[in-house]
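Got chain P; can you put chain R on it based on the hints?
These protein sequences, in sequence, are chains P and R.
Counting in this note's numbering, the first sequence runs from 20 upward without gaps.
Counting in this note's numbering, the second sequence runs from 3 upward without gaps.
Calculated from the structure, these hints are not laboratory results.
Note that the coordinates shown come from a computational prediction; the quantities given were computed from them, not determined experimentally.
Idealized CB from N, CA, C, for every residue including glycine.
Treat each hint with caution, since some may be false.
Taking beta-carbon pairs under 10 Å as the criterion, some of the chain P residues facing chain R (in silico) [claimed, not checked]:
(1) Val81
(2) Gly279
(3) Pro282
(4) Arg290
(5) Val303
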Amino acid sequence: MLVAVLAPLLLGFAVLAPNRIVPPRGIAVGDVHVWGFLAPAALAALAAAMLPGRMAAIACGVALCGLLGGLDDVAGRLTASLSAARLGPAAGSWIACGALLLAARLALGRAGTGAAGRAAAAAGFVVAIAAMLALGLLGDLGLVREATARGPELRAALAGHLELVAAALLPALAAGAAAGAFAFTMRRIGGAVMGLLAALQVIPAMALFALLIEPLAALGRAVPLLREAGLRGIGAAPAVIGVFLYLLLPIAAATRAALGAAPAAAVDAARGLGFAPGQVLRRVRLPLGAPVFLGGLRTATVQAVGLVTLGALVGAGGFGVLMFQGLGQFAPDLILLGALPVAALALVLDAALRAVEDGLAQ
Amino acid sequence: MIRFEGVRKSFGGATALAGLDLVVPEGAFAVLLGGSGAGKSTALRMINRLIDPDAGRVLLRGRDVAAEAAPALRRRIGYVIQGIGLFPHWTVARNIGAVPRLLGWDEKRIAARVDELLTLLRLDPAAYRDRMPAQLSGGQAQRIGVARALAADPDILLMDEPFGALDAVTRQALQQEMARLHAATGKTILLVTHDVEEALSLATRLAVMADGRLLQEGAPRDLLDAPADPRVRDLLDGGAIGMRRLSLVTAASLAGPTGEAPAALPHIPAAATGRDALEAMLAARAEAVVLLDAAGAPAGLVALRDLLRA
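The shape of chain R in the complex, shown without the other chains:
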């Protein structure tokens, strides 16, 4: 659990945080959303003490982060940044093994961990471990950046606009990767972004910030349905609130029994979102879609009017 208590920070005359109170529950995929200058990166960088607060405190599992030497604290926290920041003079394996090496693991254990992480991030260890960062694409480099952050198995992962510099296709692939990693590892992840779509697709808890303050925090769906502040509504609406709502529910949760569905209806996987279901209907000019379970058997039917329940 991460807890901010009345945290203030200003740089020169500019206020970055004007009294932030925020709780990130254990195991959450929390997203800090806000425009530039909202103070979200400052808040993130206070958790691993890259920035120290002027007033207030940051607690990690009930313990003030200021109580521990910064390097030791940081080695227990994963850190991924927009610029990736791979060490250009080290191989992929040495980059990933950076923190384990700081912690004094033996070489064999580090090598095994590097291969394990490359496999987890869907990169072939034999092909990638000896490459130099300059030989990687942007998406591959950020996968290595995530692997490096996870190397010493931290409980918490901090991500500062991690996909901001990647092209749309790579960004989406890595977002799905992170959702999968979160589900598989149960780590607490705190991600900072200004991209509403990214925030809605990843967050289990969403915190919207502006002008160094927290505007609202909660489940993404609650923020969409009941924005507590006009700025939250403006940010989340963006002229697409219906579609956003649809993309937050699974098609399966809207489905009725399959019954005797006409064979011509389009099929989508049961894990797809309501938005995917609508897209499939519009594409096929059909009024309903059939959901298929993992084995490919029909698992329900979503009709156009079912989408209104989202």
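This is chain P alone, in the form it adopts within the complex:
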């Protein structure tokens, strides 16, 4: 907790960039007097070290909100008249954010909070940040200014990202499950199929996308109908096909493992008692394998959310567009605007599928 208090003091509190050309300069805690937020935040952070489990987690949340509020306060005072200026956290404040989140998670663990409790804590934190946004307490932060300026772009990126994930994941689910079922029934040939899918994973994502561009372009040229349907060398097609190929392995492997998850004795007993092959599958293998399959689906989904980001490099949409724009323009806030939603999306989908798994396990 001392880390959360000392880091902003010693390693820099905020960075101010008047515009994208001038190099940013650091702002120390004492440079601007914004104790209204920071003093309570520091107190809450120190208190968290002494409070028991759940109270400590809440104190961490309060400290984090205070830190962000303090940053916004500074931003408001320093950049009010400069619309191109962006103020963001400096290294010390980033470390403090990380330390507070980590401490909150550890405190919840100490208190023995279950998955539902952790979800409630996360939701509470999101609500608190949303409330601060709604009250205009965060409106001057560089990231928030960037987001406000690019509202439509963000919404398009979210829609595009989800579309790309769905376009790759749903066909991969069908093809991967079929490949996994094939590998389960025909063990010898199936092993070769799994080996092929595993070999695909070795090709770096960028190389695979690039490799797909030329054949797809040629195909588009040869069959104009496909070209009109949106199949081109550049755009969504190589990204979707590339991600689809990557997802086949986790889904096929999970399907194969799921089909084999039922205890051998239970399967033998089911057959011996007179279950027809379809009944063995539906009543024994599938229900007992469902958690294994869902675990694989969760891996594949999170992988898809991450991989689709790279699709921006071959002209597909999604949050990758914002990230790579940010990288190109040396605009850290823009990079974060692409990266944070991707991380949040992955976490949310992961938590949702995990909740389904837990529901099945009971």
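Then chain R, alone, in the frame of chain P:
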């Protein structure tokens, strides 16, 4: 009646059955005894078509089992295995009701049958029907396995090393349970085991197998007294042939009149075996035991020398 006619089976290059001819009479408690690789499990699993023969045929009441679709055939045959194989995602009641449900019984009839079977296997229906398999001990789980096999009232019960994974005490309790069930229901039971004691204590008909062939078949006592093959003798003898013979006869069959027996003699139930009688004498350092009938009245006297008639 189960009849094997010249049944052969090999897996890859390994011969499991090299021409098996065997008849299991209706209502018998038949035990297939042999070491590992003798082919006894393969033979058992051919009756419900989990394995099909390469040559020869298996007849059930005169009808080739291959003439019927395997699932329908299996629903008429009870099946109990060493691994028990309860469905871990179903309650005890749903496990027991599996075959009746396949046969399309209505729920009420299934529920009544489940309670009837739990009672038959000496488990309290109210306490056990809603449990999950993970909440059962090994012995309880195998009782449920037997109940599940009996659910649709099959005429034949196949048991593949059913008690092999249980501890000695539980195993003995379940063996007694099976002997009682056989006597009470008159079902034909075919049990596979490599345990000589288990085979001798349960079998009304004993078949000894080795290397995919039948060595000898008959009443257990006949096999003990007149082994047809040195391998049968070696297997059944085990350095305890006298004790085994004693354990195959009831003490009552060796008894003479009670007469004026000294009061100090030990007492055992009349249904006990000759071996129990010997044990009681040795334990009490007495030369005779008094048998008591079900009402507790003296029903005969077994002296040490009477045991020689076993």
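Violations among the numbered hints, reported as their numbers in ascending order: Numbers 1 and 2 - these are the hints that the structure violates, sorted from lowest upward.
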